[in-house]
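Residues per chain, in single letters:
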Amino acid sequence: MLKLDKINFKIEDRKILDDFSLDVEDGKIHVIMGPNGVGKSTLSNIIMGNDNYKDYTGTITFNGEKIDGLSVDERSRKGIFLAMQNPIAIEGITNSEFLRNALTSRDSKNFSLFNFIKDVEKSVDDLKMDRSMIHKNINQGASGGERKKNEVLQIKILKPSFIILDELDSGLDVDSLKIVCQNIVEYKEQNPNTSILMITHYPRILKYIHPDYVHMMKDGKIVKTGDYSLALQIEKYGYSDTNDINEEENYE
Amino acid sequence: MNKLLVGNKDKIDDVIITEDTEIEINLSDIDKDIDICIMDGMCLKVLEFDNNTQNNIRYILKDNATVIVNKFTVDSNDKVNIVIDGEGATINFYTALVNKNSSNYTQNINHNKSYTSSNVINHGINFSQDELKILVNGKIDENSKEVECSQDNKIIDMNGGKNSIEPNLLVDNNLINANHSAYIGKFDRDTIFYLKSRGLDEETINKLLVRGFLMGTNNLDEESFERVEQFLTNYINV
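Taken in sequence, the protein lines are chains A and B. Sequential numbering from 91 applies to the first sequence in our numbering. Sequential numbering from 136 applies to the second sequence in our numbering.
If we strip away everything but chain B, and leave its shape as in the complex, we get (with noise of 0.2 Å):
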C-alpha cells in the first residue's frame, strides 16, 4: 500500500493514483486546487484533517476504482467535486464539519457511468450563531443506469445558529436507486433522556454526543480513529 501525506507546504495539484493508496490530507487557513485520479481498479483512502480551509478537491474515478474518505474539517468552505467516470466505481465519502465561524461547504458528485454507486454523509455541528451551510448536488446522466446515490445529511444547531442543507438529486435515467435525506436540529430528546437516566450530566452528555456524531458510524482503523481523537480533542475540547 502505497501511503501519501499532504500538507500546507506540499505542492501537489494532480495526483494519479495508479497502485492502492493511502493519503492523510492535513491543510489549514489554506485554499488548494487538488485533482486526484484514482485509475482503474485502485483503491484510495483518504484521511483529512482542515481548518479555515477554502479547498477546491476533484476526484476523479475510473473503471472499478473504490474510494473511502473520511473528512474531519473545521470552518470549511470547500468544494468537493466527485466525478465518476468508470464503469463499477464507488465512492463512500463521510465528512464532519464542525462550525466554529461560518461554513459553506460544497460537494458535486457527477455519476457519468452506469453501474456506479456514491454514498456521502455529512455531520455538521454549528457551535456558532453564523452560518453552517451544506450543499450537495448529485448528478445522474441520463446514460447511466443501475447507479446507486445516496445522500444523507445532519446538521445539530448548539446555539441557534444559521443553518441549511440543500440536498439536490438531478436524475436523468429511471433504471436507478437515489435517495437523500437532511436533518437540522438538536440532538434527540430521547438520546438525552435515555443518557440522563443511567446519572450522566448534561455537559458530559454532550461531550460524548457531540463525538459520536462526528465520529460518525465509519468502521476508522486504531491508529486512524486516534488522530480523529486528538483532531477534536484539539478543535473542540471533545
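Looking at chain A on its own, in the form it has when it is part of the complex (with noise of 0.2 Å):
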C-alpha cells in the first residue's frame, strides 16, 4: 500500500532520516518505535506532505502511484490520514462543518447530511464522548484525552485507507487508551485492507492493538525488526540495550 524508498531528510547539517525504507503492505500494522529524536515524526509529516518537510529526496508511493507532488490535501483525499501527536484547537469551526466539509471534499455527489449525523452520533457514542461536542469549536477546551479521540473520531468518519498514529497514546489515561484502541481495533476489522503505521516510545499501547511488525529506529533508519516481542524487549533493556543483543539488521 505504502512505501517509502531511500528517504533522506536533513535540517542544516543534521541528518534526520538516512536512507530510510519500509513497505507497508495492504492490511498491515506496522510500529515504529524509538528515543526521542530519532526522526519518527519528521517520518509522518513527510509522508503526510508538510510543506516544512518538503526537501526531502526519495520516493513515496501509494497504491502503486508516486505521490511525492502531491499537496497535503491530496494525499488526505487519496486516503492517508495522520492522527497528530498534539492536534491543535482551532477557533471559530466546528467540529460538525469541519467534518462535513472534509466529507464532501472526498465525495460531495454521494454525501447525505441524514447518514452524516447518524454516523457521527454513534462515532462519538462508541468513543464516549459528549454529544455536544459536534457543535463546539474543532479541540478548543478539550483535554489532551479528548484530543486524541476526537482524532480517532475523525478516523471513522473519514474512513482512511492508510493511518498515522503518531504518539497516540501519549495524554491518554488508561480508559481512554481502551476506549482509542477498541474504536481503531474495530475500524481495522469493519476495514480489514487499511494499514496502521503506529509511532510510539512505549509498547503500552500495542497490547490492545497487535502489530504485525516492529520497527526499532535509530539515527534516521531502521535498525531492528521483529514482531511484538522486539517491543516487549525494547521494554525492558531500553533502547541501547536491546539494539546491543544482536548484529544489526535493516529492513527494507
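If you're looking for bench data, these hints aren't it; they were derived computationally from the structure. Computed from a predicted model, the values in this text were never measured in an experiment. All C-beta atoms in this analysis are idealised placements derived from N, C-alpha and C, irrespective of residue type, glycine included. Watch out, some of these pointers could steer you wrong.
As the list claims (entries may be wrong) - A short, non-exhaustive set of chain A residues, derived as facing chain B with CB atoms under 10 Å: (1) 142; (2) 145; (3) 155; (4) 158; (5) 161; (6) 170; (7) 172; (8) 180; (9) 188; (10) 191; (11) 192; (12) 194; (13) 196; (14) 244.
Put the two chains together into one complex, using the hints given.
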C-alpha cells in the first residue's frame, strides 16, 4: 500500500532521515519505536506532505502511484490520515462543519446529511464522548485525551485506508487509551485492507492494537525489525541495550 | 426585554436604557453620533452591522450596568467611546472588521470608577492592499481600583495590505489587572496543515477560517448567528 524508498531528510547539516525505507502492505500494522529525536515524527510529516518537510529526497509510493508531488490535501483525499501527536484547537470552526466539509471534499455527490448525522452520533457514542462536542469548535477547551478521541472520531467518519498514529497514547489515561484502541481495532476489523503505521515510545498501546511488525529506529533509519516480542524487549532493556543484543539487521 | 432597531433613517442621538434591552443597529454609508447611556443595574445587548460608516458611538455605563456588544463592520472608520462611570459595571465588546478598501477603527475605554471590567476583542481581516488600522486606548483613572481591563487585537492579512494595531493602556492605579495583545499576520501554518491533512483544499480552508475568525468565540443565540452569517455572506461570500 505505502512504500518509502530511500527517504533522506536533513535540517541544516543534521541528518534526520537517512536512506529510510519501509514497505507497508495492505492490511498490515507496522510499529515504529525509538527514542526522542530519531526522526519518527519527521517521517509522519513527510508521508503526509507537510510543507515544512518538503525538501526530502527519495520516493513515496501509495497504491502504486508516486505521491511526492501531491499536496497535503490531495494525499488526504487519496486515503492517508495522520492522527497527530498534538492535535491543535481551531477557533471558529465547529467539528460538525469541519467533518462535513472534509467528507464533501472527498465525495460531494454521495454525501447524505442524514447518514452523516447518524454516523457521527454513533461514533461519538462509541468513543464515549459528549454529543455536544460536535457543535463545539475543533478541540477548543478539550483535554489531551478528548483531542486524541477526536482524532479517532475523524478516522471513523473519513474512513482512510492508510492511518498514521503518531504517539496516540500520549496524553491518554488508561481508560481512554482502552476506548480509543477498541475503536481503532473495530475500524480495522470493518476495513481489513486498511494499513496502520504506529509511532510510539511505549509498548503499552500494543497490548490493545496487535502489530504485525515492530521496527526500532535509530539515527534516521530502521536498525531492527521483529514482532511484538521486540517491543517487549525494548521495554525490558531500553533502546540502547536492545540494539546491542543482536547484530543490526536493516529492514527494507 | 425591550427591543430596538436602529437603521439609517432613524433619528436617534441619545438613548437611555432604563430596562433590559436588545438593540440591533444596521448602518450603511453614513456618519452618525449616538450616545447610549445604560442606567444602574441594566443589561444591554447590541448586535451591530455596518458598512462604510464613520460613526461616533458612545456607551456610558452607570453602576452595575452590563453591556455586551457584537459589532460586524465593513470598511469602518467608526470611533467607539466606552465610558465606565458606574461602580461594578462591565462591558464585553467584540468587533469583527472586514477591510475591503480602507479602515481606521478607534476604541476608547475609560474606567472612571472602581470594580469595573472591560473586555474588548477586535478581529480584523484585510482583503485589500490598503490600510486597516486599529487603535485601542484603555485608560484607568487613578481613583479606580480593582479594575479588569483586557484588549485582544488580531489582524489577518490576506493580500499584503498595510496593517497596524496600536493597543495603548494608560494606567494610573496599581490595584488593577490590565493586559493587551496584538497580532498581525497570516493564518497559522499548523492550522492550515491540520485542515489540509483532512482533505480540505485551500479555498475551503480560507472560507472556513475567515468565517470562523470573524464569528469569533461569541455565544450568539441562533437568530443572531444566522443574521451574522447572512451579513458575512453578503459582504465577503463566506
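Each hint, compared with the structure:
Contact between residue 142 of chain A and chain B, as hinted, is supported at the beta carbon level, the nearest pair being about 8 Å apart and thus within 10 Å. Nearest Cβ of chain B to the Cβ of residue 145 of chain A: about 16 Å, over the 10 Å cut. The hint is violated. Hint status for residue 155 of chain A relative to chain B: violated, with the closest Cβ pair at about 17 Å, above 10 Å. A cut of 10 Å between beta carbons decides the hint on residue 158 of chain A: the least distance to chain B is about 16 Å, and the hint is violated.
Checking residue 161 of chain A against chain B by beta carbon gives a least distance of about 7 Å; that is within 10 Å, so the hint holds. At its closest, the beta carbon of residue 170 of chain A sits 8 Å from a beta carbon of chain B; the interface hint therefore holds under the 10 Å criterion. Because the beta carbon of residue 172 of chain A sits about 5 Å from the nearest beta carbon in chain B, less than 10 Å, this interface hint is met. Checking residue 180 of chain A against chain B by beta carbon gives a least distance of about 6 Å; that is within 10 Å, so the hint holds.
Annotation: residue 188 of chain A was flagged as interfacial toward chain B, and the flag holds, the nearest CB pair being 7 Å apart, inside 10 Å. The beta carbon of residue 191 of chain A comes within 6 Å of a beta carbon in chain B, closer than 10 Å, and the hint placing it at the interface holds. Below 10 Å, beta-carbon pairs count as interface contacts, and residue 192 of chain A has one with chain B at about 4 Å; its hint therefore holds. Of the supplied interface hints, the one on residue 194 of chain A holds, with its beta-carbon coming within about 9 Å of a beta-carbon of chain B, less than 10 Å.
Hint status for residue 196 of chain A: holds, given a least beta-carbon distance of 6 Å to chain B, under 10 Å. Against a cut-off of 10 Å between C-beta atoms, the interface hint on residue 244 of chain A holds, since the closest Cβ of chain B lies about 6 Å away.
Checked against the numbered hints given earlier, the structure breaks hints 2, 3 and 4 and satisfies all the rest.
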